[in-house]
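J.: Here the protein sequences line up with chains A and B, keeping their order.
Taking the numbering used here, the leading residue of the first sequence gets 2, the next gets one more, and so forth.
Taking the numbering used here, the leading residue of the second sequence gets 459, the next gets one more, and so forth.
Just so you know, nobody snuck in bad clues.
Simulated crosslink set (EDC-like; lysine to aspartate or glutamate; CA at most 16 angstroms straight-line): (1) A:Lys-282 / B:Glu-653; (2) B:Lys-595 / B:Glu-656; (3) A:Lys-150 / A:Asp-215; (4) A:Lys-282 / B:Asp-594; (5) B:Lys-548 / B:Glu-578; (6) A:Lys-18 / A:Glu-35.
Output of the computed footprint for chain A on chain B, the stretches with three or more beta carbons under 8 angstroms from beta carbons of chain A: (7) 608-621; (8) 640-650; (9) 667-675; (10) 706-717; (11) 724-734.
Negatives, chain A to chain B, calculated, CB over 12 angstroms: (12) Asn-3; (13) Val-22; (14) Gly-30; (15) Thr-49; (16) Lys-93; (17) Ser-94; (18) Ser-113; (19) Val-181; (20) Leu-214; (21) His-328.
Since the hints were derived computationally from the structure, they do not count as laboratory data.
Each residue gets a CB set at the ideal place from its N, CA and C atoms; glycine is no exception.
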Amino acid sequence: MNAMLELQDVSRRFEKKLDGVERLARRLGADLRETCVNAVDGASFTVTRGEVVGLVGESGCGKSTLGRMVAGLLPVSDGTIRFEGVDVTDAKSPQAREKRLRIQMIFQDPMSSLNPRMKVQDIIGEAAVYHGLTSRADMPAYVAGLMEKVGLDPAYAQRYPHQFSGGQRQRIGIARALAVQPEFLICDESIAALDVSIQAQVINLFQDLRRDLDLTYLFISHDLGVVEHIADRVVVMYLGRIVEAAPTEALFDGPRHPYTQALLDQVPRLDGGRQEFRTVKGEIPSPLNPPPGCHFHPRCPMAGPRCRREVPRSLTTGDHLTACHLHDGGTE
Amino acid sequence: MSVLELRDLQTHFFTDAGVVKAVDGVSFSLDEGEVLGLVGESGSGKSVTGFSILRLVDPPGRVVGGQINFRGQDLAALPEREMRALRGNKIAMIFQDPMMTLNPVLKIETQMVEAVRAHEKVSHAAARDRAISALDKVGIPSPAERLAAYPHQFSGGMRQRVAIAIALLNGPDLIVADEPTTALDVTIQSQILAEVQELARDTGTALIWITHDLAVVAGLADKISVMYAGRIVESGPTDAVLTAPGHPYTAGLLGSIPGHGRRGERLTQIPGMAPNMAHMPQGCAFGPRCPHVSDTCRGSAPQITDYGTGRGLRCHHPILAAEGAA
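Using the sequences plus the hints, can you model the full thing?
T.: Pasting the structure below:
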């Protein structure tokens, strides 16, 4: 098996327990229940070394939660995450912890993920010194090399984050992630907050780094144009479940799941001139109370009785995974 | 007939760091039922232009020059009392964050009825009917019941619809929409675009759609104006600007957008970043980032040149001229 990262039925539940007053109110007959959100519900996929996998979906679909679990920032409720064959689900063994370090994350908002009171040199170099990748004395030179790599002038190493523009701050975040010599980067909406012209600079940087450092990416984004550009393979999520996964070309040229079809249909395009905007009806239902069966059926133009009843299986033909009754014997 | 004509609008901010010319000589006109896409990156002055039209610029900012002709009246010279009568009535604004429009502690009904009765002497019942039909128009299911709800009981997309419904209440001649779909998911964005498109067509309302996303206005706007550092650098019919951009900045922006048919290719990026508005470069503001920059550009700032068929360009070395000669 040459999978670098392997997720098997990974789930994450967020529960809100009743507090004392609410428990008392329930005893007196109030209709209060513990609420539970299945933010990620049985997600399985693999990432091969050197690949860029795009993870797309609308807000609330669980894509960021999934990314945080892979990065080890959120505990997993169920399922296992393996990295190069080692179970890193809860990172208890030293071996798992060592593997975890190979996975780094780049966040959406560089301002809230960089300590405003630390100098750039310390922000970038701190973790590398801690993990023994460089000594305190060699750290300035180590940081200067990283800054050059991401297109920042090493002369700025003594500055603070607020002295940089948004695009430069994102480069600092990238340099910090690269400092511990990762092999796997998780980019969670890492370019969503940037202007278009700056976005292009950072996308190009990601691609240069991929080539130079042999990196593998999990690229989480709501922007389908960006994902189509950068990803080799795309995973689509809806309300916590993976509904379709396929190589980028297959997915964008021949989407199979009605949700993917609707999503692609609605991306505003530059070409094609004035267009009539077509719409999928309704909105994402509340994850507190998801519809039974296939989560997408209330908005799906092709839904049948089976979709209301039965959760669709994930079926793979070739390298194209779809979870839809239409491709599994029909909706009747 | 032209609804709005902006002539040489100047909005400056008087800060400690110096005078920031956020809007520095912006001119355009808009006919009935026409949709203008005002495009630019953050800090280009596109939002301040929108706020200036409604005279909503707060100190230290001030409209210091130019004319804002709305149906023959110069809004820049209008007394505040008359301006208040126009705002929310003949000219409406939709903000990026609907909670700028909505009061979180009042029911939707209270807010909508108030917006009608502030401008017209009608009964509560008549104002309520108008609110229901406005909510219906923007696609809110069972509008009569939803009137009793508070803003927090709506989802983000639904809130933006309510804000749009409020803008429509008094049948405005002009709506200024400032990035109204930027914070929304694509499926919700396309629902709202579809509704706005239909409304502009049916009611003849002129629309200024302010956005950083060229792809959004590609399908919506009749014409586009691209702003950079407080000035319009290129304007023209949507198709013409998008298929044959004349200004190097517009061309660069289009090249920066990843998308269909360019999978895996390297994006053409614009080097550097937008200038500090308090310390503008000499000559053309785009000069330091421009691939075609020359001594002429460094010496003097280019003026808007009219290229006919509604196209205007602010550039010493437009791409258009080179191709037009061939």
